[in-house]
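Undergrad: Listed below, chain by chain, are the residues.
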Amino acid sequence: MKLTVEALLAFDPTHWRAAAEALSAVARGTQGTGGLLDEVAVRMGTAWSDEVGAMIVARCRAHAEAVMGLAEVLAPLADTLHAGADAMSACADELRALLAVEPSAQADSHAFTADPQTLARADAVRSVTASILQRATVVDRRVAAALTGTLRLETPTQDLGPLDLSGEGLALAADLTTQGPTGLDAWTATLMSLGRSDPAAVNADLAWDEERQAYRVRLFDPGTDRPVEEIVDPQGLPEFPSNAMTQAPDFVAVLTQALRQRHPDLDVPDAPAAAWMLLGVEASQLCDDEVSFSEILERAGAERPDAVIISTKSTPGQAGEHWSVAGVTSDGSLVLRHPNGPGYPHPVRTLDEGAYRRIVDGVVILPHSGGGGAR
Amino acid sequence: MTREVHPGQVHALADLTAEAAQELVGQAGELSGLPVGDDGFETGAVLHRVAEDLARRWADQADDTSRLADAIHDSAAAVERTEASNTELAQGFLRGLGGGA
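Order-wise, the sequence lines are chains A and B.
1 is the number of the first residue of the first sequence in my numbering; add one for each residue after it.
376 is the number of the first residue of the second sequence in my numbering; add one for each residue after it.
Any given hint could be a false lead.
[Said to hold, decoys possible] If you want a taste of the chain B side facing chain A, the calculated C-beta under 10 angstroms gives, among others:
1) 380
2) 394
3) 399
4) 401
5) 402
6) 415
7) 416
8) 420
9) 428
10) 429
11) 433
12) 440
13) 465
Note that these hints are calculated values from the structure, not bench results.
The beta carbon of each residue, even a glycine, is placed where N, CA and C say it ideally should be.
Here chain A stands alone, though its shape is the one from the complex:
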C-alpha cells in the first residue's frame, strides 16, 4: 500500500517500538524458560543416571535448545521494528519540515501556473513530497518483508506484482523516473508520457507473472516486425534507469531491461521508434511534423490527456532532445519534463507558441489505447 501525506504525518513510532519491546520482553522470558529446562536436564542426569535416564536427559536438553531457538527468533524482529520506527520517523520529520516551509506539499492537486518560477517551485515541492512518501513506503514494505522473511511467513499474493502498476503508481513513477546513463531519452520520454497519460498501454506491455515471480514484457521487435515476449527477473533489474529519488527500479527500468535483453546494443533514436517498439504503431501512422500548437494544447490539456512527446532541433554543440509533455499552464503553455528527471538541472520547463515554433523539430501524439489510432 502506498502511503499518503496524512498517513505518514499520523505515524506513531510508539506502536512499533511497543511491539519491539514486547518481543524483547518475551525473548528474555523464553530464555529463562530455556534455562530452566536446561537445568532440568542437568539435574535429571543425577536423578536418573542409567540409559533410560540418559534418554530423558537428551529429551530435556532438546526441549531446552528448542525453546532457546524460539527466543532467538524474537531479537531480529525487535531490531527490525526499532530500525523501521527510526527510518519512518525520519521520513515523517522530513515531511513535517517541508510542510513548515511549504504548506502546499499537503495539497492533493498541483495546478500548473503560468509563472515558470512558481511552476519550478511547485514541481520541486511535489517531487520532494513524492520522494519522501515513496521512501516511507519502501521503509514500510521492507519492515513488513523482513518480519515475514524472518518467520518464513508466506506473503499474500499481490495482483499488481512488486511494482505499483496502477494508474496512480505509473503516473508517480513517470514523474520521478530518469533515463540514467542509458542515453535513451526518446525511449524514456515516451514511457514517461505513456505512464502519465495511458497506463492501460503500459499495462498491455508489462505484467507481473505470479507463477514465475517475474515480469512479462511485450515488445514489438524491429527485427521481425512482430510482438515478442521477454521475461524480466526482478532480481536482475539494474539500479538505473530508475526512480531518481529512491534509486529503486520502476516500470521504465523493467521495460528497458526487456529491451536490453532482446537487443543489447539497439538505439532508440526517436519517439516514433519507441512508439513502434512499445505499441506496434508504425512511424507512417504518426503525423509528427504537421501538428499545430493549439492541437497539442488541446490534447495535452484534455481531461484524459493523450501521450505527447516533443523533440527539439539540434543546435551547434547541442543535440536535439526529447521531452515528455506533462500538462499545460493556465496561460496556454506546455509543461515539459526531461528524462533526466528530478535532481538534474532544468528537468521541467514551459514552452509557449513562439518557443514551440523556434525549437520544436517533431511531435508524436499517442492517443489513449482505448480509442482511435496513433497520430
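Given the structure of chain A, go ahead and fit chain B onto it with the hints provided.
TA: Below, chain B alone, put in the same frame as chain A:
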C-alpha cells in the same frame, strides 16, 4: 534389581518441566496480545500475522513441553510401581511423548 534412579527427584524435575510449559503458555498469550496498531501501514497488517504465528509456535512448544513433563512423571511412577525393564520404561516414555515406541 537396583536402579540408578531417585523417583522423588525425578517427579520434582517433572514439576519444573511442567512449570516451564506453563511459562511458555503465558508467553504465547503475551505474543498473541502483541501491540500491533491499526494505522494503515503494511507493517501493522503483517504484525497481526506475526503475532498469530509466534503465539502458535509458543503454544505448540508449550504442548510438547507439557507432554514431556507428563511422560517424566509417568516414567518415575512406573519405576515406583513395577520392576519394568529398561526397554519397557523407554517405550513407555516415548509413548508418553507421542513419538511411539
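Undergrad: Confirm or reject each hint.
TA: Status of the hints after comparison with the structure:
no., hint, in the structure
1, 380, "4 angstroms, holds"
2, 394, "7 angstroms, holds"
3, 399, "6 angstroms, holds"
4, 401, "8 angstroms, holds"
5, 402, "5 angstroms, holds"
6, 415, "5 angstroms, holds"
7, 416, "5 angstroms, holds"
8, 420, "7 angstroms, holds"
9, 428, "5 angstroms, holds"
10, 429, "7 angstroms, holds"
11, 433, "7 angstroms, holds"
12, 440, "6 angstroms, holds"
13, 465, "5 angstroms, holds"
When each numbered hint is compared with the structure, no violation occurs for any of them.
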